[in-house]
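Add chain B to chain A, keeping to what the hints say.
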Amino acid sequence: MSTKPINEVVISMLADRGKPAEIDSNEAIFTSGLLDSLAATELMMALESEYGVDLADADFDISQLDTIAELETLVSAAA
Amino acid sequence: MRKNFNIAVDFSEIARKNPEKLAIKAGKFEISFGDLAVLARKIASALQPNLNTKRVGILGSRSIPAYAGILGAAWAGATYVPLNMKWPAERLITLLNDLELDALIVDASGAKLLTPEVLEHAPELILRSDDAAEVPGSIAFSEIPGVAPETPAVLTEDELGYIVFTSGSTGMPKGVMVSCGSLKRYLDETEKWMGLTQADRIAEAHDITFDLSIHNMFLAWREGSSLHLMTALDMMAPQAFIRKHDITVWMSVPTIVNNMRRANKLSGGLLPTLRLSIFCGEPLAMPTVDAWASAAPNSTIENIYGPTECTVVCTRQRLTNPPLITPKRGILAIGQAYENFEIAICGEDGAPLPDGETGEIALASPQLSNGYFKAPEQTDKAFRMIDGKRWYYTGDLGYRDENGILHHMGRTDNQVKMKGNRIELEEVETHLRRVCNTELATVVAWPFIDGTPQGLVGFTTAKDKDEATIRKEMMATLPEYMVPSRILLRDEMPRNINDKIDRKALLAELNAPTMETPSAEPEKVLV
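Which chain is which? The protein sequence lines are A and B, in order.
Letter by letter, the first sequence follows residues 1 to 79 of this note's numbering.
Letter by letter, the second sequence follows residues 1001 to 1527 of this note's numbering.
A couple of the hints might just be wrong.
Listed next, the stretches of chain A that the computed footprint assigns to chain B, with coverage defined by at least 3 CB atoms under 8 Å from CB atoms of chain B [stated by the list, open to error]:
#, stretch
1, 34–46
2, 61–69
Here are the simulated lysine-lysine pairs, BS3-like style, with alpha carbons at most 27 Å apart [claimed, not checked]:
#, chain 1, residue 1, chain 2, residue 2
3, A, K19, B, K1465
4, B, K1374, B, K1054
5, B, K1021, B, K1244
6, B, K1419, A, K19
Derived from the structure by calculation, the hints contain no laboratory data.
It should be emphasised that the depicted structure is a prediction, and the values quoted were computed from it without experimental measurement.
Where is the CB? At the ideal position from N, CA and C, for every residue including glycine.
So that you can see chain A by itself, here it is in the shape it has in the complex:
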């Protein structure tokens, strides 16, 4: 299965919600309110099912998923 880069996923989520698709890779996505918790849940499930990121640890620190840069780090570590 070919997966698109994680930044494109975030950008298409923004576009789906009528938000400007331009985003700095260090800009907060979720804590800023740019995307809501439903989007966050979608993203998390995609991280697990399509990018092989293991979020199973009940105490996983979720705050490291708030920017595209952080997401890219996470995805590349899982690849």
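Same frame as chain A, now just chain B:
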């Protein structure tokens, strides 16, 4: 007899007696009752000389500044009006015009929504949190020179505490006006079964525009418990949040639990710190209850029911062994009414039905709200005087069983509740028709899981626009959660016997196995 009904009074008393106590924690920030009182009093001092309509808007996320704004508005003697961050600019502008706010309070996220276009319709006085970007003409909290008295402004029980918006069938949301007296009566009844203490740590999973936030905030402020605000990111892993912050009290819509279940995040014994879990806003299906009861073995589970129009909550059912289930739906019953409520089950003619028969749930109580802001017709339709008593007709169907337990059986109208958001399908249709420039457009809720709608699907005969364009144009006037995830184009609409668009036929089409499935699966949503 209490003389000051200001909704900030309870908070002010805790702040005086126990100023060091943690009031709110949000991410890396936290604030004590004492410090939050000072911040609220500063905000109140900036508001007080400017009060005219006595309405103050709060545009913010789940943040300490937004809560300080709520408290400051109340402290000054104003009605606080939370404005939804998900509203598109056009809707925000319409409501700003209607509301005639004396002031607007914004946090960092709210300030971002104040485009020049929106600002033109905003009140002159704008207070912003210190971490917010500069907004022309606004005053940062720290720049406010004065501080209001230690005691909140004196209000009677009839004055408005807050206005919360909920979906309306006319195409615009309705503002439910709740008096200080109704909120006090609600809190008096609710604290009896919550048993909160200063040791409790309450998670806040919902926005300030949702009235579950009112429950958490004002009960915490009455008892001196701490509030732990969850960011959108924390919502991705609520179980991690509960564990990290030793949360003792949880309240949310069941969808959040179902998301955790779907992601395999709920294992037995995972959440030992919880002592009380409350579910509200959607039918509570038994598999959800069972999963939570196993994950939170030390927690009591309560299912509560209440329209915003009756001040947050009016019936309650504790999870018992065996559980009290609504047989036809496989959900927990909504239980028994608060002591200050009378419940009637009404037939189509409005006359009361005997126990066991299903009809519309009507509620009478001193806890009822004052009705809808600037919408007397809608108010008169929903709130009716019968033999000198004021009743609210909920639009919810239910029946009372032989033991006096109330069971919820769905809606009388085309209102649905998705993830706690109340949506009038007519409201969405109004926008779909306008965008498509045709009356031949309708919206259904679909698909259903455990009897709970998961999404909206629109149908239209419009020829000149494709699905993406229609959705994009709807997004300009509706919050994203109200825009159908799929718009299906049809040559014609099926009609029922009354020549109305036949929603049942459309639903049957969606349920047919050959139908191309607009899936609720996340990977498809992402594409």
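For each hint, the structure was consulted:
no. : hint               : in the structure
1   : 34–46              : holds (count 12)
2   : 61–69              : holds (count 5)
3   : A:K19 to B:K1465   : 21 Å, holds
4   : B:K1374 to B:K1054 : 15 Å, holds
5   : B:K1021 to B:K1244 : 19 Å, holds
6   : B:K1419 to A:K19   : 21 Å, holds
Of the numbered hints given earlier, the model fails none.
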